[in-house]
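Q: The chain contents come next:
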Amino acid sequence: MTRNQIRITLLSGFALVAALIASRPVAAQDAKQPYPNMAPIEKYLMDRDAEIALARSASPGSISRDAEVLVLGRHGFETAVKGKNGFVCIVERSWTSAPDPDFWNPKVRTPICYNAPGAHSVLLRNIKRTDLILAGRTKDQVDEAIFAAVDKKELPAIELGAMCYMMSKQGYGGDTVDHWPSHLMFYFSQTDPAIWGANLPGSPIIAISDAREHVTTSVIAVQRWSDGTEAR
Amino acid sequence: MTRNQIHSIFLSAFALVAALIATRPAAAQDPQQPYPTMAPIEQYLMDRDAEIALARSAAPDAISHDASVVVLTRHGYETAVQGKNGWVCWVGRGWGAMFDHPEFWNPKVRAAECINPPAARSVLPYAYKRTELLLAGHSKQEVIAAIKAAIDKKELPALEPGTVSYMMSKDSYLTDYGGHNGPHMMFFETAKDGAAWGANLTNSPVLAVNYWYISAEAYPQLKSFPPLSVFLVGVAKWSDGTPAPSM
Chain A
1 MTRNQIRITL LSGFALVAAL IASRPVAAQD AKQPYPNMAP IEKYLMDRDA EIALARSASP
61 GSISRDAEVL VLGRHGFETA VKGKNGFVCI VERSWTSAPD PDFWNPKVRT PICYNAPGAH
121 SVLLRNIKRT DLILAGRTKD QVDEAIFAAV DKKELPAIEL GAMCYMMSKQ GYGGDTVDHW
181 PSHLMFYFSQ TDPAIWGANL PGSPIIAISD AREHVTTSVI AVQRWSDGTE AR
Chain B
1 MTRNQIHSIF LSAFALVAAL IATRPAAAQD PQQPYPTMAP IEQYLMDRDA EIALARSAAP
61 DAISHDASVV VLTRHGYETA VQGKNGWVCW VGRGWGAMFD HPEFWNPKVR AAECINPPAA
121 RSVLPYAYKR TELLLAGHSK QEVIAAIKAA IDKKELPALE PGTVSYMMSK DSYLTDYGGH
181 NGPHMMFFET AKDGAAWGAN LTNSPVLAVN YWYISAEAYP QLKSFPPLSV FLVGVAKWSD
241 GTPAPSM
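For the record, the sequence lines run as chains A and B. Each residue of the first sequence is one higher than the one before, starting from 1 at the first, in the numbering used here. Each residue of the second sequence is one higher than the one before, starting from 1 at the first, in the numbering used here.
There is no bait here: all hints are sound.
To give an idea of the chain A side of the interface with chain B (calculated C-beta under 10 Å), a few residues:
1. Pro60
2. Gly61
3. Cys113
4. Ala116
5. Pro201
6. Glu230
Covered stretches of chain B (chain A as the covering partner; in silico rule of three or more C-beta atoms under 8 Å from a C-beta of chain A):
7. 154 to 165
8. 223 to 235
With a cut-off of at most 35 Å between alpha-carbon atoms, the simulated DSBU-like pairs for lysine-lysine come out as follows:
9. A:Lys169 x B:Lys192
10. A:Lys43 x A:Lys107
11. A:Lys107 x A:Lys169
12. B:Lys192 x A:Lys82
13. A:Lys128 x B:Lys192
14. B:Lys192 x B:Lys148
15. B:Lys223 x A:Lys84
16. A:Lys152 x B:Lys192
17. A:Lys84 x A:Lys107
18. B:Lys154 x A:Lys153
19. B:Lys192 x A:Lys84
20. B:Lys108 x B:Lys84
21. A:Lys169 x B:Lys237
22. B:Lys108 x B:Lys140
23. B:Lys129 x B:Lys154
24. A:Lys128 x A:Lys82
25. B:Lys170 x B:Lys140
26. B:Lys170 x B:Lys192
27. B:Lys153 x B:Lys192
28. B:Lys192 x A:Lys153
29. B:Lys129 x B:Lys192
30. A:Lys82 x A:Lys153
31. B:Lys170 x A:Lys169
32. B:Lys237 x A:Lys107
33. A:Lys84 x A:Lys152
34. B:Lys140 x B:Lys129
35. B:Lys237 x B:Lys170
Hint data in this document are derived by calculation from the structure and do not stem from the laboratory. Each residue gets a CB set at the ideal place from its N, CA and C atoms; glycine is no exception.
For reference, chain A alone in the conformation it holds in the complex (with noise of 0.2 Å):
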């Protein structure tokens, strides 16, 4: 399982997404591959200001107002504003946070705020991540690097206590699900679901196992949007 069918089965976890992707002709559009290949770079590029914005909105202000806000360029995230709090908010692109059909959709904007763990740990990759891709690798050999980065302890092992905020109202989660319900994401160095009872009859927590980069990740929905307004 790559890396992002594993984004995709803990999003589909979700009532609200399943429902969204039940709903969509994705096989023919699988089909016709939409996004083979890598757009231009400036595709994938926002306007500085309203990059910063669009981060911040993934967490309530009362976080992100004091966050570290990194932003795309042309060979890789860079700090647009330094923060106070630890936290980091970063608008993720389709190689880190999308389904495989939506891999290269120049579209996708995931806003997240990573906690100071989450940011040391999950974020570097990411980050790695994005630098290879901007760097012209393929995505099979983005993903043999970061392995072998985990493997090598290059990137550092999962912190605990890692977490993020994905309670933005807007951004573009792909064409596959298009926008993600509000919700919180925990990571542990890799752990067996089951012991949170994940993934059960009516647990509210979706959780999977990446035995790959040794990272579980859990997801529960939350209630509100990161403005306060109601998520249901």
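Dock chain B against chain A, hints included.
A: Quick look at chain B alone, frame taken from chain A:
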């Protein structure tokens, strides 16, 4: 149900935000202490079968069906049902809250909870010990001293990573305040406070409280306890799958 009411419920559900308590207009409801002392033990006990059913209702049946269930007796908790999946479901009483919580002795509190194996091994022993000592007639100060001694001697375990608790019962009574109940998950962490998770900030869906105390002024020895924070995230449905009021 307002957000502040939810906060209050969460706090009563074994941890609460000191600031909210401090700022809450509690005087109108309880000028001093609504429950200054322990009520007769009978008021805390339940019919055994009803307690088993309530305990199991804390989590979806897929979890609680194979969980162990413990029930309260006159001398402490005892296993009523031996489980198979490592989870333990139980019904907490008021004294499961922070030692200075105003509803510590509230005999109406019935906090159904199912906790996962790491929490059963590393959090539940604290609740058992506290309960046994209190039911034996020890004062809060004595209980605090005994727990501290047990921690120092490593008779009580250190917190394991990956602990989680389901509190999704529709039938719990967590507090006198507000709607008395709300479905949520709890995570136990060795954090000093909720800052690392962005808890207790405006519009954050994460609440965090200290496991031991609200202010520690009444029981200063609690400040020397190992840091233990409880993080709470509200969820949309009760354990039976029906929707809960929006938080």
